[in-house]
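One-letter residues, chain by chain:
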Amino acid sequence: MIGTNAKLAGGLVLALLSSVALAAGGDLGQAEKQATNWTAILMFAAFVAGTLYITKWAAAKTKSAADFYTGGGGITGFQNGLAIAGDYMSAASFLGISAAVMASGYDGLIYSIGFLVGWPVITFLMAERLRNLGKFTFADVAAYRFQQTPIRAFAASGTLVVVAFYLIAQMVGAGQLIKLLFGLEYWMAVVIVGALMMIYVLFGGMTATTWVQIIKACLLLAGASFMAFMVLLNYGFSPEALFADAVRVKTEVSAATGKTALEASTVGQAIMGPGSFIKDPISAISFGMALMFGTAGLPHILMRFFTVPDAKEARKSVFWATTWIGYFYVLTFIIGFGAIVLVSTNPTFLDAKGGLIGGSNMAAIHLANAVGGNVFLGFISAVAFATILAVVAGLTLSGASAVSHDLYATVFKKGKADSASELKVSRITTLVLGAIAVVLGIAFEKQNIAFMVSLAFAIAASANFPVLFMSVLWKDCTTRGATIGGFLGLITAVVLTVVSPSVWEVTLGNPKGSALFPYASPALFSMAAGFIGIWLFSILDNSARAKEDRAGYMAQKVRSETGIGAASASAH
Amino acid sequence: MENDMATKIAANPKYQKLVRTRSSFGWILTAIMMFVYYGYIALIAFNKESLAARLGEGVMTVGIPVGFGVIVFTILITGFYVRRANSEFDQLTREIVEEAGK
Numbered sequence: 001m002i003g004t005n006a007k008l009a010g011g012l013v014l015a016l017l018s019s020v021a022l023a024a025g026g027d028l029g030q031a032e033k034q035a036t037n038w039t040a041i042l043m044f045a046a047f048v049a050g051t052l053y054i055t056k057w058a059a060a061k062t063k064s065a066a067d068f069y070t071g072g073g074g075i076t077g078f079q080n081g082l083a084i085a086g087d088y089m090s091a092a093s094f095l096g097i098s099a100a101v102m103a104s105g106y107d108g109l110i111y112s113i114g115f116l117v118g119w120p121v122i123t124f125l126m127a128e129r130l131r132n133l134g135k136f137t138f139a140d141v142a143a144y145r146f147q148q149t150p151i152r153a154f155a156a157s158g159t160l161v162v163v164a165f166y167l168i169a170q171m172v173g174a175g176q177l178i179k180l181l182f183g184l185e186y187w188m189a190v191v192i193v194g195a196l197m198m199i200y201v202l203f204g205g206m207t208a209t210t211w212v213q214i215i216k217a218c219l220l221l222a223g224a225s226f227m228a229f230m231v232l233l234n235y236g237f238s239p240e241a242l243f244a245d246a247v248r249v250k251t252e253v254s255a256a257t258g259k260t261a262l263e264a265s266t267v268g269q270a271i272m273g274p275g276s277f278i279k280d281p282i283s284a285i286s287f288g289m290a291l292m293f294g295t296a297g298l299p300h301i302l303m304r305f306f307t308v309p310d311a312k313e314a315r316k317s318v319f320w321a322t323t324w325i326g327y328f329y330v331l332t333f334i335i336g337f338g339a340i341v342l343v344s345t346n347p348t349f350l351d352a353k354g355g356l357i358g359g360s361n362m363a364a365i366h367l368a369n370a371v372g373g374n375v376f377l378g379f380i381s382a383v384a385f386a387t388i389l390a391v392v393a394g395l396t397l398s399g400a401s402a403v404s405h406d407l408y409a410t411v412f413k414k415g416k417a418d419s420a421s422e423l424k425v426s427r428i429t430t431l432v433l434g435a436i437a438v439v440l441g442i443a444f445e446k447q448n449i450a451f452m453v454s455l456a457f458a459i460a461a462s463a464n465f466p467v468l469f470m471s472v473l474w475k476d477c478t479t480r481g482a483t484i485g486g487f488l489g490l491i492t493a494v495v496l497t498v499v500s501p502s503v504w505e506v507t508l509g510n511p512k513g514s515a516l517f518p519y520a521s522p523a524l525f526s527m528a529a530g531f532i533g534i535w536l537f538s539i540l541d542n543s544a545r546a547k548e549d550r551a552g553y554m555a556q557k558v559r560s561e562t563g564i565g566a567a568s569a570s571a572h
Numbered sequence: 001m002e003n004d005m006a007t008k009i010a011a012n013p014k015y016q017k018l019v020r021t022r023s024s025f026g027w028i029l030t031a032i033m034m035f036v037y038y039g040y041i042a043l044i045a046f047n048k049e050s051l052a053a054r055l056g057e058g059v060m061t062v063g064i065p066v067g068f069g070v071i072v073f074t075i076l077i078t079g080f081y082v083r084r085a086n087s088e089f090d091q092l093t094r095e096i097v098e099e100a101g102k
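Chains A and B are the protein sequences, given in the same order. The first sequence begins at 1 in my numbering and counts up one residue at a time. The second sequence begins at 1 in my numbering and counts up one residue at a time.
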């Protein structure tokens, strides 16, 4: 959820938005169980019925390993753009960012912009090259001219580590969310998510996963658009009127705590400008780099570039994804301000202490009730839960592909596995990953896992991205350099995260100020470790293999630029 | 792909033109995007007041249009690249592929 993608990288949130009790990102924090909400459950059941029907249709089309990994390569750029946006617009981004905007106004906007700016860079430098070189997984691209075994082993590790942290964050988020939204038990959510996700992926492969994601993206965009529309309607579509009213509410709330009129109006106006989100420039830049380049290293996002027929559609996908994601962040900003004026002033939504019923992440949910009544509340709750399901399915699919395509078919069978046995291995892996996700989801119920999504982003930016980038764009990169540098980036990202304040102090409970690494995100340093490692171990590499690696660059470059030879990859 | 075919394509002036134009276009746009985003972040880190300054009589601040401007700019610059790549660059690529087939 949380987390989905991204979105809310919880650790970041904890470290950077500490003033906001926004356990947003990878984490909704501990939620209180609410009364059972039958409208929401029925709407969710309708979503499940619809998606299972699609899975049945997709299953008939999923005959080969290629169908399983890429849906046969027949998804259009527009559809794929929606699916990518769906991967990225998590329940966490929806609930977390709108809650952050409600709590601190402008800072929520700064936070969401960070998630958007990686997309143009992916478009300019990576998208078409990925499509031209790759087949099923990003390791196909990274290992194109290298010795297969070491690079595939590295890429599978990078994929599985990223997927594992992400999955845990999602599962825990699902459990917390179901208590909030449906009023059901935590374990039920984890089991429901695990079971449905396995059905989608096992039977429908990439086709079902993509369509589940597209449907959810449309529902979420429609629901959020309606909410933003209703909020603006209240103010005659004048943003100034909305903002002025929000400032007035914040000022009155502050005045009620005994502040002088002047202090209170300063507090009120503070939501219109940057607050405490960015404390020191190093954290800000490091965090920005994790978001910008992490996006270009997330295995479940990269995999989506292989579902379209050619480079042209790959570019269209990113354009549409960027457009929808940008639009979505504009909506969440309006929704957050709507929550200030319509939710925080309405006693129906407040508990005895004046906080939101169910916790601060409920801002958008209560707003749904305020603008659309109980039925719309049920709709938004169902969409929020469907969101987790769709993201988890995509993650599992990319983890299963890393095991069956990179490890089993390429490393273990030396590229001689037949499609049927490869497909069988992906399905077994899906079952195993699903079971692990359920067990870990339950095991981590009470843990503070806010750092997990930010860690997944940092690893993607520091290990997967540098290897991909250097292997595609730097002639002298070698197998040895890419493998060692990639692992260096991975290890640095994990170690620095463990000794950073959000894990060392918040999760592990060490005293405040004892963390060895003071910044919110390791990306600035771990990306440097990855890139320098690749560079250094490549130029020092004089082996016979290194000569072959370098000699293979020209053919790789011609294919990456022109796509000659790539068409067959998707023409199943 | 056969290596001699790759060599043949690499020697095609159209291929060289494609690689040169597209890669410099991509890198320039990347630099512009990085400048815009990190410029925005630097402004927040070093000069918060400039963004918190009010635009007029009301509560609207400079930061709101600037922030939304970054979002819109991100979408536009992506569209700008995709448009050129999907017409001009793809046309060149098609010609290169055809000539390679001869």
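If you're looking for bench data, these hints aren't it; they were derived computationally from the structure. Predicted model, so just to flag it, every value in this text is computed and none were measured. Check before you lean on any hint, since a few could be wrong.
[As the list claims (entries may be wrong)] Restricting the straight-line Cα-Cα distance to at most 25 Å, the calculated cross-link-like pairs of lysine-lysine (DSS-like) are:
| # | chain 1 | residue 1 | chain 2 | residue 2 |
| --- | --- | --- | --- | --- |
| 1 | A | K33 | B | K48 |
| 2 | B | K8 | A | K259 |
| 3 | A | K475 | B | K48 |
| 4 | B | K8 | A | K547 |
| 5 | A | K61 | A | K512 |
| 6 | A | K312 | B | K48 |
| 7 | A | K56 | A | K424 |
| 8 | A | K312 | B | K17 |
| 9 | B | K8 | A | K414 |
| 10 | A | K279 | B | K48 |
| 11 | B | K8 | A | K475 |
| 12 | A | K61 | A | K135 |
| 13 | A | K512 | A | K135 |
| 14 | A | K279 | A | K512 |
[As the list claims (entries may be wrong)] Distance windows between CB atoms, simulated:
| # | chain 1 | residue 1 | chain 2 | residue 2 | range |
| --- | --- | --- | --- | --- | --- |
| 15 | A | V439 | B | R84 | 30 to 40 Å |
| 16 | A | G355 | B | M34 | 24 to 34 Å |
| 17 | A | N374 | B | R84 | 44 to 54 Å |
| 18 | B | S50 | A | A256 | 44 to 54 Å |
| 19 | A | P511 | B | S24 | 48 to 58 Å |
| 20 | B | I28 | A | A551 | 46 to 56 Å |
| 21 | A | T76 | B | G56 | 42 to 52 Å |
Beta carbons are placed, not taken as given, at the ideal position from N, Cα and C, and that holds for glycine.
The hints, checked one at a time:
Distance check on the hinted pair: A/K33 and B/K48 sit about 40 Å apart at the alpha-carbon level, beyond 25 Å; violated. For the hint linking B/K8 to A/K259, the alpha-carbon distance of about 77 Å lies beyond 25 Å, and the restraint is violated. For the suggested pair A/K475 and B/K48, the alpha carbons sit about 43 Å apart, so the restraint of at most 25 Å is broken. In summary, the hint linking B/K8 to A/K547 is supported, as the alpha carbons are separated by about 21 Å, within the 25 Å threshold.
A hinted pair counts as satisfied when its Cα atoms are at most 25 Å apart, and A/K61 with A/K512 does not qualify at roughly 55 Å. In summary, the hint linking A/K312 to B/K48 is not supported, as the alpha carbons are separated by about 41 Å, beyond the 25 Å threshold. Under the criterion of a C-alpha separation no larger than 25 Å, the hint pairing A/K56 with A/K424 is consistent with the structure, at around 18 Å. Proposed proximity of A/K312 and B/K17 is supported: the alpha carbons are some 19 Å apart, at most 25 Å.
For the hint linking B/K8 to A/K414, the alpha-carbon distance of about 31 Å lies beyond 25 Å, and the restraint is violated. Proposed proximity of A/K279 and B/K48 is supported: the alpha carbons are some 11 Å apart, at most 25 Å. Annotation: proposed proximity of B/K8 to A/K475 holds, straight-line Cα distance about 19 Å (limit 25 Å). Proposed proximity of A/K61 and A/K135 is supported: the alpha carbons are some 18 Å apart, at most 25 Å.
As the CA atoms of A/K512 and A/K135 are separated by approximately 48 Å, the hinted pair breaks the 25 Å bound. Pair hint A/K279 plus A/K512 holds up; C-alpha atoms about 17 Å apart against a cutoff of 25 Å. Against the hinted window of 30 to 40 Å, the Cβ-Cβ separation of A/V439 and B/R84 comes to about 49 Å, which falls outside the hint. Judged by the Cβ atoms, the range 24 to 34 Å given for A/G355 and B/M34 is violated: they are separated by roughly 40 Å.
The hint said 44 to 54 Å for the Cβ distance between A/N374 and B/R84, and at roughly 49 Å that hint holds. Checked against the given bound of 44 to 54 Å, the beta carbons of B/S50 and A/A256, roughly 31 Å apart, lie outside it. Range check, A/P511 to B/S24: Cβ separation about 52 Å, and the 48 to 58 Å hint holds. Our hint of 46 to 56 Å for B/I28 and A/A551 is violated, since their Cβ atoms are close to 30 Å apart.
For the pair A/T76 and B/G56, the supplied restraint of 42 to 52 Å holds, since their beta-carbon distance comes to about 45 Å.
Violated hints, listed in ascending order, are 1, 2, 3, 5, 6, 9, 13, 15, 16, 18, 20; each of the other numbered hints is respected by the structure.
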